[in-house]
Amino acid sequence: MLNYIIRRVLYAIPILIGVNLITFTLFFVVNSPDDMARMQLGIKRVTPEAITKWKQERGYDKPLMFNDAVEGTEKFTRTIFFEKSVAMFAFDFGRADDGRDIAHEIKTRMLPSLAIALPVFLLGLFVYIFFALTMVFFRATYVDFWGVVLCVALMSISSLFYIIGGQFLISKMWHLVPISGYGSGWNAAKFLVLPVIIGVISGAGASTRWYRTIFLEEMGKDYVRTARAKGLSESLVLFRHVLRNAMIPILTGAVVLIPLLFLGSLIAESFFGIPGLGSYTIDAINSQDFAVVRAMVFLGSLLYIIGLILTDISYTLVDPRVRLE
Amino acid sequence: MNVAGARATFPFLVFTLHYRSMKALSKYLLVSLVVFICACSGNSWNSPYPAADTGKNILYTPFAERPKHLDPVQSYSSNEILLTAQIYEPPLQYHYLKRPYTLIPSAAAEMPVAQYFDENGKRLHDSADAKQIAYTIYEISIKPGIRYQPHPAFATNERGEFLYHDLTPDDIANVYKLSDFSHTGSRELTAEDYVFEIKRLAHPKLHSPIFGLMADYIVGLKEYSMTLQTAVVAQFNGQGSDAYLDLNNYPLEGAEAVSRYTYRIKIRGKYPQFMYWLAMPFFAPIPWEAERFYTQKGLAEKNITFDWYPVGTGPYMLTENDPNRMMILERNPNFHGEAYPSEGMPDDVEAGMLADAGRPLPFIDKVISSRDKESIPRWNKFLQGYYDASAIGSDSFDQAVQLTGQGEATVTEAMKRQGIRLETAVAASTNYMGFNMFDPVVGGVTKQGRESARKLRQAISIAVDYEEYVSIFANGRGIPAQGPIPPGISGHREGEKGTNPIVYDWVNGRARRKPIEAAKALLAEAGYPNGMDAKTGAPLVLYFDVTARGIDDKSSLDWMRKQFQKLNIQLVVRSTDYNRFQDKIRKGNAQIFEWGWNADYPDPENFLFLLHGPQQKVGNEGENASNYSNPEYDRLFEQMKNMENSPERQQIIDRMIDILRHDAPWLWGYHPKDYGLYHAWYGNVKPNRLSHNNIKYFRIDTELRERKRQEWNEPVLWPIGLGLIVLAAGLAPAVAVYRRRERGAGIRKREPETGKPHQRGGIA
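Residue numbers (the numbering used here), protein chains in the order written: chain A, 2 to 326; chain F, 308 to 1071.
Keep in mind that the hints were calculated from the coordinates and are not lab data. C-beta atoms are modelled at their ideal positions from N, C-alpha and C, and glycine is treated no differently. Be aware that a few hints might be false.
Claimed, not checked - Away from chain F, derived, C-beta distances all over 12 Å, residues of chain A:
| hint | residue |
| --- | --- |
| 1 | Arg46 |
| 2 | Ser86 |
| 3 | Asp102 |
| 4 | Arg110 |
| 5 | Val194 |
| 6 | Val257 |
| 7 | Leu261 |
| 8 | Ser302 |
| 9 | Leu304 |
To be verified - Footprint (simulated), chain F over chain A, 3 or more residues, beta carbon under 8 Å:
| hint | segment |
| --- | --- |
| 10 | 7-19 |
| 11 | 198-208 |
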């Protein structure tokens, strides 16, 4: 297994380089270093000298990817792409355009993101599987039918609607929790109730249907018939046999998400005033802060790769037949 | 646990439907709920603030965008100045109540008087011709006894040595924010601190947006920048890029301290508007100790920088800076004191604005600014009483504001019931539609072409009905502009004299837009009868460059097309992102565009320079985005800009405005009106568009606020009960079915105690 993991880690390097290249290209197709300088220096009274100086200080005064003015390998190394990428692969994210340390920001913002994402993930997993199993248990009855109808309805509604509707009903009309905001330590709890509830509900439709499909597929297999023929109760069939055998597809979807929980949610964090990494990314995109955008994309890719490796490892835990070689 | 065990139990770890686990979970949920409710006690459930803050003299405000800079040498955006203006004290400030805007001393002991000198250093009379004046000297004396806020940069030991000026990595190992330094100190403000800040305008590591402008005026500032650049290179090569550069070692000719409490600024020529700059944080004092403190290694990595932790002498100090969540200003214990103004405008007495006359400032102890990026939560929290004031977005306008029979804006009945009041003020700004004068169609190339283009621009000026635009798209929040200068700024004229005769007729004592026939006649004279090129017969197509907008703006762009359609002109909208838009303007590739300008100071020069020839965008990177140039206008501008406000100056301004109206390089657009909503407990509010240090004047009736918050935010519990009933009703048949099926099964769940299955019937 160790060899497999090492091989996967090595595979990750070209993937990360590719992601970095695409991010860089896309960003600089839309923005130029001059645009970035203007965005930071403001709209009024910005002189060309100030722009030049800003670019020089941040290393944006070089060509993007190919430096014609120098010789040899420096044609590639004395470029914005190379210089910014090398530092990042050493996990030196540098400073945002407003001067703040990106690594420090990521560290401090990770917890608020996790504070929402982790409860949504765990509670969601529990609720979705519970409802999916319930629908399977009552398959071909009115519970199953209306459950599916409800799932389709939930899937059809935009997550923004859940957020605005939830804020309107629960916070504005019923005054049960704050509309938005965040607190430190345990004070954060009351701010998390609403985003967590909305997070779980907004994902319920698609996830419950997905789990239901998985369970129904398992229900048609021979070992289930055998278990029933043996006289096992339906709950034992579901929880001991079907659920365990359905773990691989469940893990495929779930474990890969675990590392990404750190990155937070772009929309929910903005609407609920959660100072997490999703909100940080949105701010960076709006202010054309390439250093932050690049760092966040890099981090996202890295965590996704880690998630995939963890998923592979988790297969071996739930299915003895799977061997990582 | 071994791997085999993990394999077996993993599903159950994830999915704990076991009865015992469920019971335990229920217990935890119940305890959590109790803890949660207890935590909320003493406070409304939906209150975003800690119960400990209940009843405290705190002002609550939201902010949407995190400030980029809090160093006064750099901060220029309004959201930044809202903070820095409360912390820093420049020598001058605007009178809070008087209109037109009037400068008064802030940290200065009295208003400085400009002294004029010729090339030989001979003092000139105050009325001397601007051409004779080689230098102007402003000598500014500050009040003695002003002290800085407590700050670790000033902390010293018994021997008077600074405690935190030689920090080692170990010293800052456990430091994460400024308050982690256990000692603070203070010292008296001196004239040197003001000089220090002026020198910082030229610091090569800082990017002051006004350096370019000030380098043209403050004697020696441009050269000083180069001196510092050389010093930086020499010093930083040895000590690293963040090493401290002691500006006290580098004298600047244009700014010097003449005594402990007096400093002198030397200006090239005559520049009366310089006094207005002295009311901005760019000219606030900076203690060298603070700069020395913040440039130590390791602090920047912890985001402890001068750009984020200001050090001032003003009424407030920034005690918490988490721009992702919350910024907190608290009363500066060392504030030297100031009294609420005892005179204002005649209306102010009636409005109760002078009730606090002479009382010591500030009234509010603490300002908590919470970050709310989205307008919906911001608006709802205002309605719940958790923010003390609110701007009005277009989506909440109808809910908040209604027009009376006389066309006056007032709050709706729902707002009135909550005691919310509306304050309006015309902003010192202008939103205009510009023509690129380098464009052959709307600007013209030959003399005849320019004449033709002028008539075309005039025709469009009549056709585009800004009264309608303001009514439809700005909810009436604006007044159609007659020229570039907004109301409230000297040089602006009201009535018939202030009406643009190219676009309006003066009928029965009010301006009436000329009929569309007048525009069509002008269009025909321009060579486009009925919107067709008289020479080629081709339809006239014009291009309107706008920044990329959302679906909400489609209607306004359609409306604009219709305005041009009145003249049978086809308007093509070219939408692009803001960067490309700016690029087009800089390169002169736009034809017609929309732009705006907010005043830096209340002087007509600050608007008229937007059409000054040498300020052209193309080639000069100035602020004249239309690239307009008129020799007479430029000459008059040079003459006007150095004059004090006087009838002679007004005459020149009138002539300049006439030229502009005739040439019509802009559709003058409209001057927006700011609408603000304030709760009943929020007092002493008078909109002041140029002064930002106003929080010290505000007052909060905390008792009323607490009462209203409780009243408006009683938790509604019946939905929870109803939800539980519905859930129970839905689950009951399902549980019954479940139990029935379970009973019918041969083998059921294992008993936890024995691990053996119950057996039923003959199946084993």
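We went through each hint and held it up to the structure:
1. Separation of Arg46 (chain A) from chain F is inadequate, the least Cβ-Cβ distance of about 5 Å not exceeding the 12 Å criterion.
2. No Cβ of chain F comes within 12 Å of the Cβ of Ser86 (chain A); the nearest lies about 21 Å off, and the non-interface call holds.
3. Remark: the non-interface label on Asp102 (chain A) conflicts with the geometry, its nearest Cβ contact in chain F lying 5 Å away (cut-off 12 Å).
4. Not every Cβ of chain F is farther than 12 Å from the Cβ of Arg110 (chain A); the closest lies at roughly 7 Å, contradicting the non-interface assignment.
5. In this structure Val194 (chain A) is not separated from chain F by more than 12 Å, as the shortest Cβ-Cβ distance comes to only about 8 Å.
6. A cut-off of 12 Å between C-beta atoms confirms that Val257 (chain A) is not in contact with chain F; the least separation is 15 Å.
7. With 12 Å as the threshold on Cβ separation, the claim that Leu261 (chain A) sits away from chain F holds: the shortest Cβ distance comes to roughly 18 Å.
8. Every CB of chain F lies more than 12 Å from the CB of Ser302 (chain A), the least distance being 24 Å, so the non-interface label holds.
9. At the 12 Å boundary, the C-beta of Leu304 (chain A) stays outside the reach of chain F, the nearest C-beta of that chain being 21 Å off.
10. Figure legend: the segment 7-19 of chain A, annotated as covered by chain F; annotation inconsistent (0 residues with Cβ-Cβ distances under 8 Å, at least 3 required).
11. Coverage of the segment 198-208 of chain A by chain F is violated. Counting CB-CB distances below 8 Å, 0 residues qualify, and the rule asks for three or more.
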